[in-house]
Amino acid sequence: MFWNSLILALNAIRRNLLRSFLTVLGIIIGVAAVITMVTIGRGATQSVSDQITAMGTNQLIIRPGQRRGTGSNTPEFRQKDVDIIKNQVTGIAGVAPYSTISSNVIAQAKNYTTLITGTTNDFFTVGNWELGSGRKFQQAELKSGKASCILGTTVKNNLFGNENPEGKRIRIKKFTCEVIGVLKSKGQSTWGTDQDDTVVMPLKTVHRRLLGSLDISRIAVKVEDSNKITSAQRKITELLRESRRLPDNMENDFRVLDMRQIIKTLTGTTRVLTMLLGAVAAVSLLVGGIGIMNIMLVSVTERTKEIGIRLAIGALEKHVLMQFLIEAVVLSSIGGVLGLILATGLSVAGANLMGVPFLFDLRINILAFLFSASIGILFGFVPARRAARLNPIDALRHE
Amino acid sequence: MALIQFKNVTKTYGTGENPFPALKGLNLTIDEGEFLALMGPSGSGKSTTMNIAACLDTATSGNYLFQNISVENLDTHQRTLLRRNFLGFIFQGFNLLPRSSAIENVELPLIYRGDKKQDRRSAAYEALEKVGLSDWQDHNPNELSGGQQQRVAIARAIVTNPKILLADEPTGNLDSQTSAEIMSLLTSLNQDSGVTIIMVTHEQEMADYSSRVVHFLDGQIRT
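In order, the protein sequences belong to chains A and B.
Heads up, the first sequence is in the working numbering, so the first residue is 1 and it goes up one at a time.
Heads up, the second sequence is in the working numbering, so the first residue is 400 and it goes up one at a time.
In isolation and in its complexed conformation, chain B is listed as follows (with noise of 0.2 Å):
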């Protein structure tokens, strides 16, 4: 069953005389269960995608649809909502509070949701037991190694049982052992819970563990 499409999505940057066209007519449908890797140079239109399908951005023209629903036509507000609930965010750079603890990192996503506090902190107990962080509760980002932490930023996005991940280089700042652990944990999350990953990557390694690569160029699916 398709979770998303992209219906002949363009994105154009700036105005006037010198417009960049990002997205030249996106088509492209993931359904529920799929492991996806995003490759390609850079410009080519891939982080764009990104962007669009977390509800960050929207399209200038075509249609995206999530679940069936057209995300153009929802509001920051509602798109937030979409975010929060559905979706959940890898990103290379970790992207993790500073002088927050692990858990406390995990627990955020819950509290703009308005989740009890009893609630929160059980649930991100056990993100972070999935993971394999749970003895790492108490301690803050600078106290973790890197793949340490980027197992925390997934505790975060799993957090919340969205539907999808969206992972933007998610090995990008880790060595190739790390980079492994990482991608088998994600795959486990793909297979054993069901979650649908979109992965934005530069290395064929990591895209080796996707079931299906696109490769992005100029804007475009190159076929």
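Just chain A, with the same shape it has in the complex (with noise of 0.2 Å):
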């Protein structure tokens, strides 16, 4: 009985294939909608996390005054701020000071304006970085400040192509600065900025020969233990607090940012946004349904006659009742599978577009699936309790 209705049901959709399909285009836009913002969502939810990962999880960021841009008057950091926090607190794996500035780099008559970071090799520590080829700094040429320099990949790729640049010579501004190595790829940061488009170099040669002061604009700070951050954090603060001789009625005017929190902000955000898309598709699944509703219920009207004949010749109304449901959740079925496929397709080209990873989620897509086919139950039952509470003598008469 069931195979029959099944067989009867796929009869009456091809019988009108265009309005079918119209009918269940609806349930196909839903389908597929929702599935295609909640899979491009949890991508971007995931790439977040993954690129805070990349640039160091149990890291602490140290920056000068309480927003990022603002605080002219705030001063920056010094070494000896470096210093405090390496020697006297305590679980660390490395503390790493940045200098940077932006500057013209010429090689071999070619030129690339790009990002010159000062540090010490706790920067490969701190910032998850590794070297691709050549070696990191000599404790001489940090001391020194010897124009010694290590190029991202990006830069490396403007300036060489393909060549090896190892022992090779770039010129920045007046100096000329020997290349040592070259660091692996990292990508894109979270905010779009290309981390491979910088070079780095001892922060005593960019303090002398680039920006002739002793300004430190950020301190990276790598704990080792990922249950010491929160205890670290506090530790920090109060030596700056110290060290920078802020009474204790003024607030601080630095922040030490945990990177965990940027995390959990920053994937939390995606998530409600990702959930609230999700529900705004959905509503055009409850759309769908109601116009699975009213194709059925004019599907039944031009079938009254139909109908008629096989209540009269030993039809049950649970057989009638059958054939209609059948019908529509076969209906709103093929639109979820429809969906499916296209959703697939939209999540693959979406992910693509936004550059974030493309992650089938098995789980909503049953979901979806079958709460497409729950919407052809929901709303092929009235249509089809109609049919099956005919008349049969009013059902024969009807032309």
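There could be a bad hint or two in this list.
Distance condition first, Cα-Cα at most 20 Å in a straight line; then the derived EDC-like pairs of lysine to aspartate or glutamate [claimed, not checked]:
| no. | chain 1 | residue 1 | chain 2 | residue 2 |
| --- | --- | --- | --- | --- |
| 1 | B | K516 | B | D537 |
| 2 | A | K318 | B | D474 |
| 3 | A | K305 | B | E503 |
| 4 | A | K86 | A | D258 |
| 5 | A | K305 | B | E568 |
| 6 | A | K318 | B | D514 |
| 7 | A | K184 | A | E166 |
I should point out that these hints are in silico values taken from the structure, not numbers from a laboratory.
Two chains, two separate frames, one set of hints: put the complex together.
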């Protein structure tokens, strides 16, 4: 009986192919929208947390000022601040100072503008950087402020192409600098900036030859144990207040940011957005269901005579009910399947376009499909019951 | 032996101020093996009698007995089962399912009865053979002539081996030659297979094929 109803339903759908397609279009769009939103949303969340992890977890970032970009009058950090943290905070793996300046670099008649980062070898530990080739800075180079540099892959590709730049010299403003290594590529950061677009030098070299001051604009600290991050954060705040001679009644003129909190905030935001978009998309599924109900009611009216014949020759109410209910469910399920296919295409395309990973989520696919099928039951029931309750005498006379 | 008994059956359509009495105390007994023709002008109660006999409708008062079972006391489900197992229908407009082949149409009652697929096919084929249309089993109704369509409808009515065939103006849409063929088919079903036939008709020629004619007038049998 079920099998017969299924075949009947497929025949009825095939008979009105265009109308059936237009009917399920709502479901197709609804399912595709829900799945695409959720899939891309999950991809975005994943990509945010991946990139922050790549920057280094267990990381504390210390910046002067209370807000990014403000505080021309708040003092930058000095080497002594770095030393204080290094010497007085326990359980830390590295403290990397950063002094950055944007500059033009020239090599072999090619020039390129990039960010020069002055730092120490702690840069590698704290920032999770690895060398693609070459070597790190030697102690002597760091102490004397020698003109040695390590290139990010973007800079290397722009200046040297596929050549090995080691031992070559690049020109930065008024001095030349020997390339001693190349960083392993990390790609884009969460905020869309290219992390490989940099030239790394000893801090002292940047101070003397480019900055003309001893300012350190940022300090990154890597804590060994993730459970100790909060206590390290507290200790660093305390030490820096002392070092910067802040009286008790004054607020901090610097910030100590915990990367984990940033991950949490950012992924939390994308997750809420994903849910919101998914919910909006689900409304279109509901609208699709109403479309199915509408067309099923038309179908019942059109086939009144057929229903009358069936009832007269021995069909029970439940047979007719089943026939139309299955037709509605088959209709909405076809919409669901087409929606799944469309969603996969859209998600892959959308993920590529937005540069987030495509994460196929079986659960949301199954859920959306079951939801579309149950929409068929929900919205097919009223028309099916109307068909089943037709009076066979009247139905037979219907023209 | 009485197969069907109408005992003082009345049927009133509509309620309130303008009730329409379609049957006013019908008494009729039909024996097994009879070929009965119901005649009369429209509105005289023939169709109502057929609907009640078909268990599609119930009497307002009185008793309709089918094999001594009082149909008024049965619910919709039970009446459907009765229809499915003992009654066959032939309509004026054939009422075949479009876009289904002849054999699929004949099979339909067996599907609802829950027969197995192989049994269904062979029974449907046999029924088509009886009406002389076994060569046309794969044709859709729109590829068949009116006479052929009515034969398919007859095959569908007899495929369940019913006790009674209810025919509502079976030749109403057919020319006289085809009508004669259909009538001789019904006659042979009545005589050879012993199926009881109740037929509504407007034409005396068709009524002549029957074994008994009942004339209706104003909701009663004209005596």
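How the hints compare with the structure:
1. B/K516 with B/D537: Distance ~16 Å between B/K516 and B/D537 Cα, so the pair holds.
2. A/K318 with B/D474: Roughly 14 Å between the alpha carbons, so the hint for A/K318 and B/D474 holds.
3. A/K305 with B/E503: holds, 17 Å
4. A/K86 with A/D258: holds, 17 Å
5. A/K305 with B/E568: holds, 18 Å
6. A/K318 with B/D514: holds, 17 Å
7. A/K184 with A/E166: holds, 14 Å
Of the numbered hints given earlier, the model fails none.
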